[in-house]
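With the hints as a guide, dock the two chains, each given alone in a separate frame, to form the complex.
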Amino acid sequence: MKIVLLTFSGLLLLAGHALVYAAEETDPEIRFNDQIRPILSAYCFACHGPDSGSRKADLRLDDRESAIDSGAVSPGDPANSELISRIFSDDPDLVMPPPETGKTLSNEERDLLRRWVEAGADWEPHWAFIKPQRPKLPAPAGADTWARNEIDLFVLQKLHELGLEPNGQEDQHLLARRAAFDLTGLPPTPELLEEFFSLTGGSPAGPDAYEQYIDRLFASQHAGEHRARYWLDAARYGDTHGMHVDNYREIWPYRDWVIRAFNNNMPFDQFVVEQIAGDLLPNPSLDQQIATGFSRCNITTSEGGAIPEELDVRYMVDRVETTSTVFLGLTAGCAVCHDHKYDPLSQREFYQLGAFFNNTTQPAMDGNQKDTPPVVVLPAKEFEEEWNQLQKERRQLRQQLTELSFMPGEWWPNRQRDARHPIADDELLLCLPLTEGEGDAIELPESATWETEHPFGTRGVRFGENSEFSIDFPQLKSDEALTISFWFRTPDDLISTTLFDQTQKVAKKGTEDKEKPEEVTVGWKITSGTAGNLNFEIFDRSGNDVSGRLPDNDALKPRAWQHVCVRYSGGQSTSSITILLNGRQIALRNSTEEHIEATELADVPLKVAGSLPTAGMSDVRIFRRWVNDEEVQLLAVDGELRRLLNSDVPWDDLQPEERDRLDHYYQRAIRDDSRNLSRELANTQLRRDYIYSRSTTTLIMEERPTAPRAWVLQRGEYDRPVDEVTPNVPAALPSLPSNVPGNRLALADWLVDPDHPLTARVTVNRLWQSIFGTGLVKTSEDFGIMGDRPSHPELLDWLAVEFVESGWDVNHMLKLMVTSAAYRQSCKVTPEKLADDVENRLLSRGPRMRLDAEALRDQALAVSGLLQPDVGGPSVKPYQPAGLWNVVAITGSNTRYFKKDTGPALYRRSLYTFWKRTSPPPSMAAFNAPTREQCTVRRERTNTPLQALVLMNDPQFVESARFLAERTLRKFEDDESRAKWMLETVLCRPASDLDVTEMSSTAVELRKTFQQNEESASELVKTGDTTPDPDLNIADLAAWTMVANILMNRDDFINK
Amino acid sequence: MNQHPINEWISLETRRQFFGRAAKGLGAAAMASLVQHPAQAESGGVLNGGHFPARAKRVIWLFMAGAPSHLDTFDYKPEMVDWFNKDLPESVRKGQRLTTMTASQARFPIAPSMFRFDQYGESGKYVSELLPKTGSMSDDLAFIQTVWTEAINHDPAITYIQTGNQIPGRPTLGAWVSYGLGTMNRNLPDFVVLNCEPRGQALYSRLWGSGFLPSVHSGVAFRAQGDPVLYLSNPGGVSAETRRLMLDRLQAMNERIYDEMGDPETHTRINQYEMAFRMQSSVPELVDVSGEPKHILDMYGEDVLKPGTFGHNCLLARRMAERDVRFIQIFHRGWDHHSGLPENIRRQTKEVDQPAWALVQDLKRRGLLDDTLVIWGGEFGRTIYSQGTLTKTNYGRDHHPKCYTVWMAGGGIQGGVTHGLTDEFGYNIVEKPVHIRDLNATILHQLGIDHKRFTVKHRGLDERLTGVQVEAQPVKAIIS
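If you read the sequences in order, they're chains B and H.
When the letters of the first sequence are read in order and numbered with this note's numbering, they come out as residues 7 to 1062.
When the letters of the second sequence are read in order and numbered with this note's numbering, they come out as residues 1251 to 1730.
In case anyone wonders, no lab produced these hints; they're calculated from the structure.
Glycine included, every Cβ here is placed at the ideal spot set by N, Cα and C.
Do not take every clue at face value.
Unchecked claim - Facing chain H, according to a computed beta carbon distance under 10 Å, are these residues of chain B, among others:
#, residue
1, D558
2, G793
3, T950
4, R1056
To be verified - Calculated pairs, BS3-like style, for lysine-lysine (alpha carbon to alpha carbon, straight line, at most 25 Å):
#, chain 1, residue 1, chain 2, residue 2
5, B, K62, H, K1702
6, H, K1707, B, K109
7, H, K1336, B, K563
Just chain H, with the same shape it has in the complex (with noise of 0.2 Å):
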């Protein structure tokens, strides 16, 4: 497709040579509508760039649907190992609240887990056998261990990390972005949502919606079945060509009904069938990685070209930063393992270990992770009691909300860190504890927005990410 010549003329051309041809008619009307307004050509965040100088241009997050478990994975309690089966003490529990799954069952039997920790580079970090590869690169990652959140089940969790509230209707974390610091490529979307195959509890679309800011501030779907951005094909049997020339005669007569009509949103309607053009060959280029080496293909791992593995996923994302889109979210379903949680973890991480290692490494040789801020975690974490059955190898473990494990790496962000302590347990936080609002006001702090002016008036409040009410405060300490 990228042979094809209306394609290669269409990547080619600089915009001075796009006007350049208005005689034929091609992209006069689009020249005549950003010359009126440049502003909307350009990109155009409310915030101006910001309010100090950011330190990551975008964001990456690599979102672990359906919570996993802090105590298999990145928090090491070790002295577990002695409580194998024996009750929660009260003193720990403490009358929190439980999901009404294991509320009623009798005992809280400790389930230490089961796999091996090992220390990993300077930092030492201990990190599980699961994750050798994340492991691995410890020294460039901060680990939070005490992100916390009130929510206790998954739909409310989720709503609640990416829009700050746990009933739907606010904007996400991404929408926010795209909101805030306008577009750094105006032929992608500036908030893009790579989901993973369907496993496990669901998603929603709200989970990349705008809430109540501008739609066009919601995050695109790209979809790993059909068109990668929906109706993004011409039907069968358009050529590129056809569609241009359909375009000519649109645009043209377009302009008439503007030049009767007066309406400057004929303009920008013009501009958006423009760019909706551009997008049906910029996209294509975006998600075909057959020009990929190799090494690099190797790297992520052997699902990397399978479209919808959490491998090609990474590798899109990937692609995408390079050609900076704002803010990019992947969502890698199936984490909620109240059962048979050490079979279900291993595939888990067994598919996201090399990936999300090869992301970070294949941005740190490009020189992206400079400015770029990957993250990686879930909605909540989990149980220290087993739920269910309880034998050494094999447990699960319910919904726990007071503490669980995230990572970021590069956009600023100082490697070897290791952020707060939970109990022996990994039930309750001992120090410095990070609200996801904490979480979220960090990942905007890094994007040079202070979270606490960037506000949205809505229904008479001024509305922001972290909440009108509480203060959340980013977590500075794991700031390089």
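Pulled out of the complex, with its shape left as it was, chain B reads as follows (with noise of 0.2 Å):
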């Protein structure tokens, strides 16, 4: 059979789609991507298709070179063909699919593929892996009378096709308020409504009128923030860690970021390169760091027990399927246990995928602290030039450290053997050997004996009852730092005890002069817990304390001598806590990053070793200064450095690692320029975590310099890597170019290739979804072979195309979109239009649906003068009932205790409203706002009795229909006015007279009943943070809040 390749025909273009292979006698009513592909993902792919591992009888129908080579399918001879056969025959072992499936061909689709194969059994890669083209544009009759750009070319071609005609123009309200939340999430304002109506003389608007209404929504900074809100949902932004304890996390700059790019109109392709790989850009911009956070926002957990290279799996994963699904449209996870069944991804390419995302510096724990590394720091406004200055004599420290000349063992020969201490004694406190024989004489509890275990053969004290004993120690203050370091050996089971204590109780700052001052404790202790968790706490004079504890997996063994180090400081936080066991730093199990003030601590002795029966202790040096991590390395050697110093082995003969730790002590605490040096360094440290503690950081992606590479897993398993695999892109999509290193960076190049066939396609069908409600592929998650096939394909393609080359202007395209004349329809439906296009995917009306969650509540907090406009900054906690966190919460957990905020926090629009993500916001939950847990590209649109109770009794839709009467009493005098404004308020348009008639005579009888019960009206108006206005009548108010509650409730309020 001859076989015509159609390349340069003029088919290609009008049908969008390259490569079509055509026999002499194609029968042109079959179409493979259109009537045969379907066929054979439904019922024969599962078994013949991409997937090799679940491949039945080595045949594969989603390839057409197979197809023949296997005997399956003889093009032009149905009767030669076993496809055909099998699917005709009547015999149940041979038939096809198998009777056990439950799936059985009809007639048509039987007979379509016999005639399929009859005419030659063509072929077509599917669609959406084709690069789209620019498709002619069609000449529709009627189009020069309707429409107003090529968009609705497309949409009123179709619309004929099936016999239907689109609705007539809007009304000019109506149109103006759906733009207004199309574009910004919010209604129109008063000022803009009537800018776009003195535009237009009160008249149905000419095109100038309208276009300039749009562009000055576009220039709106709310547009940004509506964008971005879309876009989170897809990054699964949330303000927590999302799994088991559930933290707070900071990342919230990265959601700003979303924002003033949208607000900026940042070409899309560098917002996708600065979102996957902003750190791999040369010199990259704090903001481009920032925007990798997208790839951070993945929930993650560090839930004691549970295995990192799991976790380090589950991560990868899910960064591949969130980059699929947005970026390509594409279902990857499939492919993480076996080839994916239907498109052409293997389970092979899905690692090579996850290799891009394989080589982050993150640890898997994210340690449930805000700033899980690796992050950047936006130092506070304050600080930034300090810390600017800061960083920078650092980077020149290190430098020098790293220049000085040294010769191993340089000094051996020359040495002081009997050193006091291995570290500068400078701001020494206290030093208390506690070994027999050694140091001053003190006066020990009676029951104390010596103990010989200790390591490094010295003997450190053991305590037996009553082993507590004071020390004179000097008065300390909570801006110095602190340092203290002792051997310690476990009491023989993990008890409750004080190891030191200088606290005292005073009376609280302020309250001094007080008759009956309140009494707070100040001061310093370190304290331990039955599972060995050792807690630091210093405490100031106003009642706040901060402390720091080892974590539970992290905690002192029972029954052993360890070399603990606390230091502190001086920074006043929880972070200025650190804890180093065997000279080896601990993550502290650090929720909340608490402060306290600048303040003299307790002016009594030094407690020490409170009820520690069985335990021992030696060698404590407190220090009133930062000691720093190699200092402490010394310190939890000290005794093995001694031996080695006093000892008199030549150097050639120590072990290597002995050598090490001698040079180390020797370039650390003796040489005097690298001491120096090195304590420099120490001294800019302190003051980096003072302003660290004091500023905003937010996660981004780091690479580790190895080269990036994956495992393919078995069945996804994390235990069973079978092969090694480098990044790559799916061989179905175009090649990376081989000029690049394989890393994010290519990776996002690629994405946003212009040849690409699928960014640009994804990325304009979800506009579009955002402004039509549905997408022109209705699975806008999902364009792969089982994924909705275009209502309109060439459409899609065009916009696609205009999308490039426009430079990836995403303004431009939802000017596009929202200067239609398919958007400016009318959306009236009558039956007969409800019959023929139910979902309106053929738009022969306007779009009408449901708001989203965020945008029903800015409506109301907008139309009633409560919105507090500010743009970015933290998260903040509106209104939420009472309990909710604490129901679901661990213990320890710091999202446990759901606190309000007050003033303006309450009323910020609601993409800033705080996401715990195992207990989102309720009531935008019941909206079906996601919980973030995952990618989310398309939002459902439900219509539930929970969502009317959301409407009618959720504090802030209750206050903001209560501000709202107060403006309406403020403003008017009689029940008409006040009607009719608030209805135009509310809904953005003229009252109609009805309407108006109604509410004010509800007014009335409201006020009746108010009148009657001035004690409900009073409580009514309660509701909320803010104070009713004492000057209005409150029965009026109540009566007047009722009626704004009802108008707030209305299904064109709900409705765009």
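Dropping the structure here:
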């Protein structure tokens, strides 16, 4: 049979699909992608598709060559095609699909397959994998009078094909409101409306007036907020880690970056590159690093007992799924365990994609901390300059340290043998060797004995009953550094105990002069619990304290000597505390960052070893300075060092690790220049920590220096790696350029390559979905073989090409959509149109749908006048019923107790509402807001009684109603005017007479009720934090609050 | 509140009378829409009643979050007494992966249960002294001693048993059931969750989420504090009459909007507001236990009147079952006993033993147990070896996914059955393993659903609760 490649035909452009194979006798009625592929994917591909693992009889029908080679299909010859004979077979052992699948082909489907084979069995690649071409514009009849731009030509063409006509123009007020919601997520302001209608002179607007209005909406900073809101669903943005303890996570600067990007109409290709790989751009700016927060929004955990390798795989899988859903519109997740059953994505290719993301410096366990590294710091304004200076200084010091010349062992022959301290003893406040025969004699409790199991052969003290003793100790200050280093032998059974305690009760600051001053504890102490969770705590004089505690999985071990070092930098914050065990810093269980004031601490002796029977201690040293990490490491091996220094072993006979340790000691503790430099570096660290603990951080991506790689995992199980793979993209899509390193930057550039068939299509489709309610491809998350076919394929391709050629101009695309005639149609629907176009996929009317959760709340705030319009900043906690967090949270979670904000924070736009992922904002969840645990590109739009309860009863809606009523009552005296103004304010259009009459009579009726029961009235108007205007009549206000509540539940308020 | 005339009126009004008053405005809108959309007003699950006749109409799952020790409750291992503080043989552990909490432990010393086990009923089932009431109804229960899972930590494990997948995002069992079978009571949600007091391990709202199913199938978490259903109460000062007046005016306007716009969703919305209004009386009536006679209250134990306790929630569960709520799940927290197990499990079992017993008895005497499936269990089991301190009367147990016990009762389940066998260490399954997917398949089976045929297209796959790949099997052996 002859096959003709129609690559040069004009047909290609018309179809918008490249590479159409066709036989001479092509049956014009059969198109592979339209008719045949749906049958094959529904009935055959599960066993005879791309998945090599589940493929039966080694037959694949998604690939023409394989199908022909195996004899399943003989083009033009159905009688000799196994596929055809099997589907027509009566023999239950032969017939396909096999009876046990429960699937049966219809007669039409069988016949179609037969005719298709007869006609030559053309295959087409899946439409979405073919680069879109700009299709020829259709020229439907009537276009000249109706169409406003290219979109309309495609829409009208399709309507005509199905014998439908578009609706007439929408009412201008409704249109203005619709456009304002679609572009800013808010109703139009009265000023904007006034301007719009003054441009039109009150008559149906000319093209200019509407376009100017649209431009004004784009210019609003709320436009970027609104666009960002959709993106944050896709990016799975949240303010907590999302799993288990679900602590606070600080990443809101990423959210603000997204808002800025949209407000600046950042070209979408740049938007993608900075988010996927901003850190890998040359000299990345702070903003470009913040943008990489996109890949840090996935949920993480620090659950005790979790296995890091397993988590690393989870995070990688999530990043691949998100990237693939958001940019490729492909459901990669299936390929975690096996080759994709329908789309050309093998399991190997999945992990090749994974490799791009598998090279981060991020730890698997998030530490339940807000700033799981890697992060960037956004120093508070007042520290910005100092911060940058510090960073520079620290770089220089590190550089100088590496530049010092040093010969290993050069100092050994001339060593000082009896070095008293391995580290400088300045600011050493207390030195208690607590080893028999060393140091000054002190009075120990009687029950104390000497212990010989101490490492390095020295003898530490072992305590018996009544172990506590006191030592004179200077008064410290909370803004000074403090380091406590000691050897500790844990008790036989871990018990709750106090190791060091210099606290006292004092009058609380500000209450000293009162008759009965409030008592608070001031000072510091080190305690330990039954799980070995050593805890350092420091208290100021105002009742605040900060503490650092060892976590369960890194706690003290029972019955063992260990070196403990607790440090406090003087930074007056939780993060000023560090604890090192045996010289190794332990990530502390700090849930929130607390601060204390600068103050004098306790003026009492230091109590040591309170109730520590069977425990032991030695070599206690307390410094009024920050002892740096390296010094601590030296303290932790002090006994060992002294043994070596006092020995006569020649340098070359020492063990390599002993030589390293000694050289390290010499450089950090003995040699002046290096010791001073490292001390200086340590001092800058203190200031750095001080600023850090008062600054915002945000999670970013950062590459390890090694080349990225991943492993194919058998059945997706983390502990069953099969093959190592390097980063690559699926073979069915364009390939990566060969001359660039295979990293995230290469992936990002590849995604936005103008030749990429998917990114532009998937993106314009999501924009379309946000405006028209449903995407041209309804399954906006799945452009694969099992996804829906586009309703207007040519239009989708036209938009995709336009998008790329416009320089990835998002606002240009949105403007095309909202200025189209299709968009500006009336949204009225007749039963006939409902029958022919039930979901409005054909655009036979304007879009009308329920507003999203955020828009509903923002609208109530906006029309009432409560909305606080600031852009950006930390997330806020508006009203939420009590106890919702507590009922799910684990003890110790820092998001266990919800504390409502006060003041303006209650009235911010909803995208700033704090998103706790294990218990998302309830009033938004009721309106289909996702949990943000994983990527969501399409929200449901349900209609439930719980939604009615929110809009009727949620305090934030009731308060809005009351606030609107107050404004109304202050403006107008008579009920008719009040009703009219309120209706117009709420609905952004002139009120009908009937509505006005009805609402004013309702107000009269309600007023009577509330006059009879003023107590109820006052209770109602009390709802919310704002105080009702005392000058207003309370029954009047209550009545109008209820009228506003009615209006804010109207169907045309809830819908756009 | 129940005495208020309007509530009385609401509860007395039959549907016919309700719409008969259309002339007064009340319900006119609602009636119009119901006439036009009868399907929406009735139950309507996608399965049209299920694949085969159901043995259970509803489910009550008593979920013990944090994972109770099977070794101290239902899986009797008398031989272990001689193994006190001896190392768990490597031949038993077989390199099984451990949580990182005990993976570095130098020894795995065996901690025999310190609790006495007694035999109960005709079946002679051994149950620990911690659960005497549960033991006393052994002949009504089927104990599956060989439930297992792959997940070894709480968050993934509880997500797994609830949704069939360790990774968040899938619908929960209750949501699947609501989606498949629809509603039996238009005035209450199909899937209700009752949380007990916060303690120990976390819960997550995803545990009653609808995943990729329509969100109307999400569980509604009833609250012990404030409104039982979020935003149920009118704002302060707004009476039921005021709300009714507000709704009448609203619905009249919405009718006009419908006339103008023709959007069928407007009518659905009118219905939903009426349903919300009905819930404002049906839910308070449901959670008001003041009419329960003393002998019933006594059955459920001393905490029965304290909202948020397991006892109170069990009573509410019964009231919900009576009102045909389809799927009820109680989460009782605080079972994660890594250390100090004996002391902690005493408190836990004391809280659940009597109310769980009372629930089964109460359902039984009302004839509801026949078609109500009751389930008791957690997300995994616990190790025979001790974590941390081990004495004869104090020990802890780490997570153990390889076997644990779940009991079921009612809803076509055979009583007095013990299914499956674990080894003498309660560590490995010897016979009849029941994966948590099998457990879920069994629950669906009792509801008349073939889990294999209960699929929903999502992202190109025929997703099901029991996973797209692995074949789960209902445990037919425990079905009566």
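Hints versus structure:
{"no.": "1", "hint": "D558", "in the structure": "7 Å, holds"}
{"no.": "2", "hint": "G793", "in the structure": "7 Å, holds"}
{"no.": "3", "hint": "T950", "in the structure": "5 Å, holds"}
{"no.": "4", "hint": "R1056", "in the structure": "6 Å, holds"}
{"no.": "5", "hint": "K62(B) to K1702(H)", "in the structure": "21 Å, holds"}
{"no.": "6", "hint": "K1707(H) to K109(B)", "in the structure": "15 Å, holds"}
{"no.": "7", "hint": "K1336(H) to K563(B)", "in the structure": "21 Å, holds"}
The structure agrees with every numbered hint stated previously.
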